[in-house]
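Each chain, written out:
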Amino acid sequence: MSNLFNRERRRFEAFIRQHRPSLLGLARRLCARSSLEPEDLVQETFERAMPEFEHLKDRADSAAAAWLCTTMTNRFLDYCRRQRTESRGMPHLALVQDLAVSPEETQENWALVSTDAFQKAIERLKPHLRDAYRLHAEGKRYNAIAEHFNVPVGTVGSWLTLARRDLKELLLPQVAVAREQGATSS
Amino acid sequence: MTTPCTNLHLFVDGELSAPDAEVFRQHLGRCPECEAGLRDLLQLELLASRALGGASVAEPLPAKVTPLRPWMQRVSRTVVPVALAAGLAAVGVFRLQAQPEAPTDVWLAGADVRTLEARLSHPMADRFLPYEPMRGTSGAANPLPLRPLAELEEQQDFRGIAAAYALRGDWQQAESFLARAPASADRDNDRAVVALSGQRWEEALNLLGGALRQEPRHAQALWNRGLALRGLGLLKQAEASFRDVASLPGQAAGWKVAAEKRADEMRALRDAEAARWQRLVRETWTQLTEKTADAAYLVRQQPAVTRAALYEAVRTATSADAVASLLPLAAALDQLGEGTVLQDYVRDAASRDFKVRAPLAEDYARLVKGALVPGLLERLRVSQETDLYVGALLHTGEAARDAESLKALQRYAHGSRDPWLNLLAERERARSEEASGRAANAEHLLLATLRTCGAYNTLFPCAEIN
Ligand SMILES: [Zn+2]
Chain A
1 MSNLFNRERR RFEAFIRQHR PSLLGLARRL CARSSLEPED LVQETFERAM
51 PEFEHLKDRA DSAAAAWLCT TMTNRFLDYC RRQRTESRGM PHLALVQDLA
101 VSPEETQENW ALVSTDAFQK AIERLKPHLR DAYRLHAEGK RYNAIAEHFN
151 VPVGTVGSWL TLARRDLKEL LLPQVAVARE QGATSS
Chain B
1 MTTPCTNLHL FVDGELSAPD AEVFRQHLGR CPECEAGLRD LLQLELLASR
51 ALGGASVAEP LPAKVTPLRP WMQRVSRTVV PVALAAGLAA VGVFRLQAQP
101 EAPTDVWLAG ADVRTLEARL SHPMADRFLP YEPMRGTSGA ANPLPLRPLA
151 ELEEQQDFRG IAAAYALRGD WQQAESFLAR APASADRDND RAVVALSGQR
201 WEEALNLLGG ALRQEPRHAQ ALWNRGLALR GLGLLKQAEA SFRDVASLPG
251 QAAGWKVAAE KRADEMRALR DAEAARWQRL VRETWTQLTE KTADAAYLVR
301 QQPAVTRAAL YEAVRTATSA DAVASLLPLA AALDQLGEGT VLQDYVRDAA
351 SRDFKVRAPL AEDYARLVKG ALVPGLLERL RVSQETDLYV GALLHTGEAA
401 RDAESLKALQ RYAHGSRDPW LNLLAERERA RSEEASGRAA NAEHLLLATL
451 RTCGAYNTLF PCAEIN
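For the protein sequence lines, the chains are A and B, in the order given. FYI, my numbering numbers position 15 of the first sequence as 15, with every residue one higher than the one before it. FYI, my numbering numbers position 126 of the second sequence as 126, with every residue one higher than the one before it.
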């Protein structure tokens, strides 16, 4: 029993170590200038993962990441709704948190996109969009990116929006392909 | 155009001012388009972060302590493997070093009554509180806080975790954590608490015996022993165990008073049961001697009382006819068990010489009513009316005090092949052991006798073994 216990524990630790940094990066942006602590948001997300770990641990990294992302988004949306109802003195709405997110059905599109596919997709962006998005993904703020390209800050926002639109268009057909391959190979 | 929807990307990128971000968060709560957009956007951003490694430059573990939030309580209502919680703790999402002491609500520090009758060894779980039997499930009302549980696991405090589960009535979890705790008197005590929860009295008693051999003055073990003995119907021993608890120095006054009260309750209960039994037997005996008894009804409704009354009716009858008239009743009682021991006894008694027996029987009747004629025991001992002698030994408790008397009782019981008389002889033997200061032997004997008695189902009044 103890061995099993320790093995499970190590697997969960590894799982957290793998996914925590990128989740925390997202959480910091969502929680910026709010009373919500990004670390709490991430912690709660992993707490939600505990009862599901049985299912999560054997799934592909992309699927696990998509599940964590959905769960964290739900937690965050709860927070937004609660803030809203509390600020208006309204009774609490039915919150997303009460709908358990099962690993099988969440974010089915994104769960199928690998990091390899993403790397190929970003290479196909127009150079200025690609470079702007890379800088953004490295954690650079709009004004730093604007300085780098010597363009107005507003332009950076437009470039990133375009980059995201193009990435989605490049990646979602891949999802369809991955689906078909999954269907024919199984 | 400045509808909030256009701010989604700026919001996700953390580029909005504080008031604008706040407005957008409120907007998010009611705009399905932005919600869908946010979900998509975050998935893409997470993927980018994983693919490009931007945010994954090694982050130092956060130094700030995250307070325990109410939502943790909600989360921990689901069954969460502690192994995983421990994993969370180890990675530092829970910051252990910053909060070395486990919050006390693990052990229901806020409670103002105990719902658990037994006592756990963990000091935090053994605070004295007034006992109130469980109403509803306290487990649902008091979910286990996760983080302290993970901390306890880190510290290998399995007994502490087991106590937390036990306080919430989750015996299975409690048991599995106790299995991992190192052997100790404390652990045996707690395992006994689990056994008590399942009314496995003898198992509990064995575990407590082990604990008390290691630590004879283990307050919790002595208390729990009282509960186990009560469960077995050994009220006298239970009383003694609670008195032992009350006499221990250096414990909370509340426990001392509670133990004293329990001991008194055990005595009162025992007295009440004994009085009730004696009253029933005497009433039935009176009906039998006055020939007003409905034998069929008595045998059906209260065979144990009727059996005891039959012995007394035979012993107090002053003529062969009076004894012989009890034969149908003896036969009916014999039919409930097996054999013919009662009929044999009635026939044997009817064949006695009543010129000798009648005066002894009359004095014996006075004893049954509570008055011991001086010298009666000695007159009976030297007479041939052994059944009267044995009856008098049982009434007076003499067999427990005098070895020769005990031998006589045992000899007679054995010769009669009457299982109930043999059980009573064993009871007297146990009492004599106790009177000689061998309490452990006495308890052992009583338990064995009770087990034998129980095997006869409701034929005998096993409470009388106590
Ligand atoms: Zn909107």
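Mixed in with the good hints there might be a few duds.
[What the hints assert, rightly or not] Quick list of in silico lysine to aspartate or glutamate cross-link-like pairs, DMTMM-like style, CA-CA up to 20 Å:
id	chain 1	residue 1	chain 2	residue 2
1	A	LYS168	B	GLU35
2	B	LYS355	B	ASP321
3	A	LYS140	B	GLU15
4	A	LYS140	B	ASP170
5	A	LYS168	B	ASP40
6	A	LYS168	B	GLU33
7	B	LYS236	B	GLU35
8	A	LYS168	B	ASP13
[What the hints assert, rightly or not] Label-pair distances were calculated between CB atoms; the ranges are:
id	chain 1	residue 1	chain 2	residue 2	range
9	A	VAL151	B	THR3	21 to 27 Å
10	B	GLN156	A	LYS57	37 to 43 Å
11	A	GLU54	B	ALA109	29 to 35 Å
[Stated by the list, open to error] Chain B side only, calculated, beta carbon under 10 Å to chain A, not exhaustive:
id	residue
12	VAL12
13	GLU15
14	ALA21
15	LEU38
16	LEU42
17	GLN43
18	LEU46
19	ARG50
20	GLY53
21	GLU338
22	VAL341
Calculated directly from the structure, the hints in this document are not laboratory data. Where a beta carbon is used, it is the ideal one built from N, C-alpha and C, also for glycine.
Okay, the hints, checked on the actual structure:
At most 20 Å may separate the alpha-carbon atoms for a hinted pair to count; A/LYS168 and B/GLU35 meet this at roughly 17 Å. The hinted pair formed by B/LYS355 and B/ASP321 meets the criterion: a straight-line CA distance of about 13 Å does not exceed 20 Å. Proximity of A/LYS140 to B/GLU15 is assessed by CA-CA distance (about 11 Å); at most 20 Å being required, the pair is judged to hold. For the hint pairing A/LYS140 with B/ASP170, the CA-to-CA distance comes to about 51 Å; that exceeds 20 Å, so the pair is violated.
Proximity of A/LYS168 to B/ASP40 is assessed by CA-CA distance (about 9 Å); at most 20 Å being required, the pair is judged to hold. Distance check on the hinted pair: A/LYS168 and B/GLU33 sit about 17 Å apart at the alpha-carbon level, within 20 Å; holds. With a C-alpha separation of about 71 Å, the suggested pair B/LYS236 and B/GLU35 falls outside the 20 Å cut-off, and the hint is violated. At roughly 17 Å between alpha-carbon atoms, A/LYS168 and B/ASP13 fall within 20 Å of each other, so this suggested pair holds.
Between A/VAL151 and B/THR3, the C-beta spacing of about 25 Å keeps the proposed range 21 to 27 Å intact. Checked against the hint of 37 to 43 Å, the pair B/GLN156 and A/LYS57 fails, with Cβ atoms roughly 25 Å apart. Roughly 32 Å separates the CB atoms of A/GLU54 and B/ALA109, a value that falls within the hinted 29 to 35 Å. Taking 10 Å as the C-beta cut-off, the interface hint given for B/VAL12 holds, the closest approach to chain A being about 6 Å.
For B/GLU15, the interface hint holds, the least distance from its beta-carbon to any beta-carbon of chain A being 5 Å, beneath 10 Å. Interface restraint check for B/ALA21: the shortest CB-CB distance to chain A comes to about 5 Å, inside 10 Å, so the restraint holds. Satisfaction of the interface hint for B/LEU38 is found here, the shortest Cβ-Cβ separation to chain A being roughly 6 Å, below the 10 Å cut-off. Against a cut-off of 10 Å between C-beta atoms, the interface hint on B/LEU42 holds, since the closest Cβ of chain A lies about 5 Å away.
Hint status for B/GLN43: holds, given a least beta-carbon distance of 4 Å to chain A, under 10 Å. Satisfaction of the interface hint for B/LEU46 is found here, the shortest Cβ-Cβ separation to chain A being roughly 5 Å, below the 10 Å cut-off. The beta carbon of B/ARG50 comes within 5 Å of a beta carbon in chain A, closer than 10 Å, and the hint placing it at the interface holds. Hint on B/GLY53 holds. Least Cβ distance to chain A is approximately 9 Å, under the 10 Å limit.
Hint on B/GLU338 is violated. Least Cβ distance to chain A is approximately 49 Å, over the 10 Å limit. Contact between B/VAL341 and chain A, as hinted, is not supported at the beta carbon level, the nearest pair being about 54 Å apart and thus beyond 10 Å.
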